[in-house]
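S.K.: Protein chains in written order, with this note's numbering: chain A, 860 to 1140; chain B, 8 to 274; chain C, -18 to 305.
A hint or two may mislead.
For the chain C half of the interface with chain B, some residues (derived, Cβ under 7 angstroms), not all of them [to be verified]:
| hint | residue |
| --- | --- |
| 1 | R163 |
| 2 | D201 |
| 3 | Y202 |
| 4 | R204 |
| 5 | G210 |
| 6 | L211 |
| 7 | P223 |
| 8 | T290 |
Some chain A residues flagged as far from chain C (calculated, every beta-carbon gap over 10 angstroms) [said to hold, decoys possible]:
| hint | residue |
| --- | --- |
| 9 | A889 |
| 10 | R909 |
| 11 | S914 |
Bear in mind the hints are in silico, worked out from the structure with no lab data behind them. Where is the CB? At the ideal position from N, CA and C, for every residue including glycine.
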Amino acid sequence: MAANAWRQLLDDRGARAAIGVLGAAVLAAAFAPWIAPYDPTLQPDPVALRLVAPSWQHPFGTDPFSRDVLSRVLHGARVSLGVATGAMLLSVTLGAALGALAAVVGGWVDGVVSGLVDVLIAMPRLLIVIALVATFGTLSPWWLIALIGGSGWLTTARIVRAEFRDHLQREYVLAARALGASRWRIIWHHLLPAVAPQLAVAAALALAAVIPLEAALSFVGLGIQPPLPSWGNILLDGTDYLTSAWWLVVFPVAAVSLTVGSALVLADRLRVAIAGEEHGP
Amino acid sequence: MNPPLLSVERLQIDAEGARGAAPTPILRGVSFVVQPGETVGVLGASGSGKTSLALSLLGLLPPALTARGRVLFEGHELLAASRGARRALRGRRLSIVFQEPLTALNPRMRVGVQVAEMACAHGERDARRAMQGAVDMLGRVGLAEAEVRAQRYPHELSGGERQRVLLAMALLLDPALLIADEPTSALDVTVQAQVLQLLHAQQRERGMALLLVSHDLGVIATSCERTIVLHDGLVVEDVPTHQFLSAPEHAQARALVDAVRPAVRSA
Amino acid sequence: MTRQLVARLLHAIAVCAVVATSVFVLLQFAPGDPFATALDGADVPPSVRAEGRARYGFDLPPGERFARWTGALVRGELGYSASRHRAVADVVGDALPRTLLLVGVALVLGFAAGVGIALVQTRHHRRWQDRLFGVLTLGGVAMPEFLVALLAMTWLGARWRLFPVAGIGSLGDAAAWPVWERIVDLLWHLALPAGALALAVASRVARHQRAALLGVMREDYIRTARAKGLGEWNVIVRHALPNAIGPVIALLGLALPSLVGGAVLIERIFGWPGMGLTLFDALLARDYPLILAAVLLATLLAVVARTVTEAVAEFVVPRRAREP
Chain A
860 MAANAWRQLL DDRGARAAIG VLGAAVLAAA FAPWIAPYDP TLQPDPVALR LVAPSWQHPF
920 GTDPFSRDVL SRVLHGARVS LGVATGAMLL SVTLGAALGA LAAVVGGWVD GVVSGLVDVL
980 IAMPRLLIVI ALVATFGTLS PWWLIALIGG SGWLTTARIV RAEFRDHLQR EYVLAARALG
1040 ASRWRIIWHH LLPAVAPQLA VAAALALAAV IPLEAALSFV GLGIQPPLPS WGNILLDGTD
1100 YLTSAWWLVV FPVAAVSLTV GSALVLADRL RVAIAGEEHG P
Chain B
8 MNPPLLSVER LQIDAEGARG AAPTPILRGV SFVVQPGETV GVLGASGSGK TSLALSLLGL
68 LPPALTARGR VLFEGHELLA ASRGARRALR GRRLSIVFQE PLTALNPRMR VGVQVAEMAC
128 AHGERDARRA MQGAVDMLGR VGLAEAEVRA QRYPHELSGG ERQRVLLAMA LLLDPALLIA
188 DEPTSALDVT VQAQVLQLLH AQQRERGMAL LLVSHDLGVI ATSCERTIVL HDGLVVEDVP
248 THQFLSAPEH AQARALVDAV RPAVRSA
Chain C
-18 MTRQLVARLL HAIAVCAVVA TSVFVLLQFA PGDPFATALD GADVPPSVRA EGRARYGFDL
42 PPGERFARWT GALVRGELGY SASRHRAVAD VVGDALPRTL LLVGVALVLG FAAGVGIALV
102 QTRHHRRWQD RLFGVLTLGG VAMPEFLVAL LAMTWLGARW RLFPVAGIGS LGDAAAWPVW
162 ERIVDLLWHL ALPAGALALA VASRVARHQR AALLGVMRED YIRTARAKGL GEWNVIVRHA
222 LPNAIGPVIA LLGLALPSLV GGAVLIERIF GWPGMGLTLF DALLARDYPL ILAAVLLATL
282 LAVVARTVTE AVAEFVVPRR AREP
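Make the full structure from the sequences, and use the hints.
M.R.: Next comes the structure, spelled out in structure tokens:
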């Protein structure tokens, strides 16, 4: 992306806040083992320290197994954001590849990809993923990434296909072709850089879509399996104690909402910055 | 001499600067008067602030533009008046016809309803009577088969017909001043002439004042008693039109007149 | 118009065919079958196992089973649910109306609230009302439906006891109560699940509707409407809204699949006995006919709703845009 759009993005207060929150979440995930006050799986005293309300010793309280919720949320960021980032990268890469393929090759390939997108986009993604996971039993985080990422390429493919088709007809591409540049060279050196900003938007949107998906799966017991913490399964531990232990619900909900909200704001501001660059002087 | 209908004193309009930059002036202190029943042309190149001037009189400037100075209309100090007071004047005493007759009409509303709405906005409670008034007015501005046409949507009418609809709307409540902002520049030449003729016929019939804003010297020369030339946010000429045509003082005005002189002479 | 309608119908059929086939194929690869828990114990003689499976056609090759199943589906037969000991059609017949009620109420409430919020934001553009609702709707978009549901359940349900946290009714033998009482009881139980879902809808609708309205507010005919001396509310509601609502309806259609997904989770959280809860139970019990029917119906619901919203959006797009 060009320097102008970056500057405009960094000038925007909302975008700065979003980048700050996402950055903090990534740092928390990266350094969880060092900043977390306790071992997230340690059950020091399941009787005396069970469901302790937030205090100086346990800022986010403890769960029914006496584990420290702050430590679990921090380590959960590692797992949840790890799965989300992996799934996001997979879905954006897959989408970009399929969209590019459809646009460049055209013909029946385009027909198949576009048709597939049209059909799949009408289906509830969460439902399909739940059905798949439930059918195969519980899955390792890698399979979760594959499944969540593999089901999310539709919008990216749509965007990339439209952008590619647009750019393929522009003069600079025609000129490059006339000069004898190969198809793949044109894609790699001209088209991909041209759609990079849109891909950034798609990536931010994909991130905003996969974080809740992982949380939902783990929350219904089909995603990340205990004792490994994730934002979703901390919530699952809390559902039986809604009347007594609000902290089991509030902190993971806040973690999910803040990261998702930041990703959405970032996508929104990115789009504005790109539009500003295209329409600007 | 009677008090003027409209008196504009040192009107300044500034465009908000981007990110703390100094505001850009659009009008830099414009003063002129319009007498009741008078026809005044405001001539200026595009970008001279003509449209902003027209919009500021109605209080319809976009939020990024701010107006300062004094605008007296029928004893009301417009720039200081409350929003409600200005709204009550808009359409009833002070009307406007816009440039682009297609985009100036709501594409999803029948044109008759759009005209009738003018009456409803100013206290008409009986929808059927408002509609009847609208159809009558559409007929008077020369829309053939007004009864039928009133039920049409804007895209089903021609450019000239749409301009007549806008005119009917503006004239419906017998305003004291009609502002016409480039009323003919989006139309074919033949239709232009018809619309201008109509404008003047209606003006004479009602004794209404007309402020005709245009970049087209031909339009102003053929129809205005007095011409004001705007250049670079200032009034550079304010004289009777015949005097202006024969001896324009300001260099910019001279250039304008010279450019179209053959056309004006033959007209 | 007819051609478009036919195209949409074909598309809907294609979607359902693809979903049905893929779910069936996937279940073939899945471990276990509906009889695994009941019949695969060491104490069950092999002949009983074989007989049990044969009774429901599970001994046939997959190809033939697929042919039988689709054949039955085309005739409108959904099969027999082994876990509920009832015909799938009956199970679905009970559950589907409840899901439709939940999603329908959420959709209508959410859409109305979202449009209302956007109107207020447009009226007070860049003032505190606009900012306040901007923050609130961002929160509503950022927070997945099931998290809203959990928060609502924690406070409005469990702590303050304003609403029931589970189920669809608490009158016991419902038939013994007057209709009015039954409706109130149903709505009372519907409040939290539908409210949580409606909040998500409202936030999305409000954000898109606001953007669409502000775009239309720059049009020339808005200036004309103001020049008539119309009040600002009249300008927005009569002139801007009809021109700005079409794309939002279309967008709602696109967002419907995710709404259906959210509804599944919400049903599970609140124990609302609709299609979502049925699906979860069926998945746990490996009740294939029921799983297939549930997934298929949820997809069908999403497709139908989307087709309807597209048609509505088509109907309300600006007439100008329909000119050749």
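S.K.: Which of the stated hints cannot be reconciled with the structure, identified by number in ascending sequence?
M.R.: Hints 1, 8 not satisfied by this model.
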